[in-house]
Amino acid sequence: MPAGQLSASGSSEAPGPSELPTDPDAAVTVLYEAHWHRLVRLAWLLLRDQLAAEDVVQDAFVATHRSWSSIRDSGRVVGYLQTAVVNGCRSVQRHSVVVDRQNAREAAAADAPGRGSHGSAETQVLRSAERDAVLRALRTLPERQREVLVLRYYSDLSEAQIAQALEISPGAVKTHAHRGLTALRRTVELLELS
Amino acid sequence: MNTDPIRPGQTPAEEPTGRTTSRPADPPTPIGEGLAPVEDRLRSALDADARSIAPGDRLAAILTDAHSGPGAAAGSASNRHHRWVLPAAAAAAAVLVAGTVWAVNRPPSQTPLVIGASTAVGTPEPTPSAARSSAATSVPTQTAPRPSAPSATSTPAPPTKSAGSPVTASASVPVYYLGPVVGASGPLRLFREFVAAQVPSPAVPSGNALAALRLAMGPVPAGSRYHSAWTGVTAEAVTRGERLITVRLSKGTQDASPLATEQLVWTVQAALGAALPVRFELADGGTEVSPGHAASSTYTRPADPVAVLDQVAPIWVDEPARGADVPAGRPLTVKGVASTFEANVEWELLRDGRRVDSGFTTAAEAAPARATYRFTTKKPLASGTYTLRVFESSAKDGSIAAEQTLVVTAR
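As given, the protein sequences belong to chains A and B, one line each in that order.
Sequential numbering of the first sequence, starting at 1, is according to this note's numbering.
Sequential numbering of the second sequence, starting at 1001, is according to this note's numbering.
Bound-form chain A, shown alone (with noise of 0.2 Å):
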């Protein structure tokens, strides 16, 4: 099944073309199931603003299906979404963000149901200072270094398909990765001592 197949195989790289129909309203159907959350999820950690990530994500899957018989025939179908869905994240930061909107989503992140730190009692439960510091420092990093990380530790990416999601090579990638966590580190250290 390739649904199966496409969720098992979660972020690495992908089915053979053969394995996804054609027909791109059907090819698109099966990959959103499969990780049409995971992408959103994605997108929220690198923009902190859901309606946003999940604008970011639609535009990825249109984008594929549009393009839908060159993006199979390349064989780096969830390859192609995760390059897509990161470089619209950089672009609505650079472009309709400005510093009004990081804001606005700071905010969101306090009011917003499902979006921070004042949602059900269950997300309160769950969240911890700890973690919120561990985030926030997060956000203070350079913006590849973030990806990096999030496409590290959330996506479970490897080194090279990093470098290829980012465009960038894996040098940077193992740079990018060991000066966030050394300036993650100083957080953490703060965290244990407290």
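Wrong hints could be hidden among the right ones.
Stated by the list, open to error - The calculated lysine to any residue pairs, modelled on SDA-like cross-linking and capped at a C-alpha distance of 20 Å, are:
| id | chain 1 | residue 1 | chain 2 | residue 2 |
| --- | --- | --- | --- | --- |
| 1 | B | Lys1378 | B | Lys1396 |
| 2 | A | Lys174 | B | Asp1040 |
| 3 | B | Lys1335 | B | Lys1379 |
| 4 | B | Lys1335 | A | Gln93 |
| 5 | B | Lys1335 | B | Glu1319 |
| 6 | A | Lys174 | B | Gly1336 |
| 7 | B | Lys1379 | B | Thr1298 |
| 8 | A | Lys174 | A | Gln164 |
| 9 | A | Lys174 | B | Leu1035 |
| 10 | A | Lys174 | B | Gly1034 |
| 11 | A | Lys174 | A | Glu143 |
| 12 | B | Lys1396 | B | Ala1366 |
| 13 | B | Lys1251 | B | Thr1298 |
| 14 | B | Lys1378 | B | Gly1336 |
| 15 | B | Lys1379 | B | Asp1357 |
| 16 | B | Lys1378 | B | Glu1346 |
| 17 | B | Lys1396 | B | Thr1362 |
| 18 | A | Lys174 | B | Ala1036 |
Bear in mind the hints are in silico, worked out from the structure with no lab data behind them.
Since the structure is predicted, the reported quantities are computational estimates derived from the model, not experimental observations.
Start from chain A and add chain B according to the hints.
Okay, now just chain B, sitting in the frame of chain A:
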């Protein structure tokens, strides 16, 4: 897939060594021993944070959008598809279009003000004709709790490594206003708006929070139905501690609105992005923040949805901002938060008091939950001034149960 999230209670010492064996072909970068606990914490924090949202369903919107073609205008496909598919698809198209405009209009240099780029959320800088936004931009920052840097770029930024982030002097901050749920009278509830404000530069959260509080306590926006409960009181400082937010006011208010204190609590928590308890300090030594609200207590927003509904209005509009300029010649996308019966959200657009467009949509969840909604007007907006009204009408008798209105100008 991240199928093995670390449990919250798991200590770094228990880190299993087998984690990497399930990884795809090439092994991850060897990370120094000292970073392993950081990896664990990060992994579990990301996993928990990712689970805190429930992505909405957009398959239908994706397929609709994909078939409508890259050049199709948002409203043009309206006859071919199910009505409930359209808002999302049309909105997505509008977002694409709008994103392009932002990209084009964005000044190439780092500019401290967000004029022209703030169509979606902020109100623009005051112009002679935009008197209603003047309250928003006149917030003094001189008495900010930290050394407030001038907006020149020479001030060294705090040690964040975000290279290239612009120095800012204007930001959109969340402000809660007290207003009647319907019409001009009745019990007051809280309405959140995003308002443009001058904030210290480089931006610090407490500076934004102080600006937000001053807007909440200042004169109400022109044309709004809001009530000001803090006349004559000044917010002097905001301090965020690890477990507590402290707000220093010149004195308490005598205004008897039951939610006056809550108004400030919601505002400061939103502006800081943290639902920590809030303590008030009154510079004049007073004992009540507002009537019945002792200064010796701490306050926080309720977590229970029903209790939330007792404090906040059922319908908020986040975008466009009150008084914003919106692009003429294309449909208007509106986003907000609602808590209504069966999630129903109705809207109409009025020009010179006459209805020129209307429709309805649904929020992602029904009351008592609060959830986001969005819609796009059916027709492009001709240049001019419009009143946008988003409301809930009673299923029983059609009377209005909740509403929010604001004015925007299409240019």
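Exercise. What are the numbers of the hints the structure violates, in ascending order?
Worked result: 1, 6 and 7
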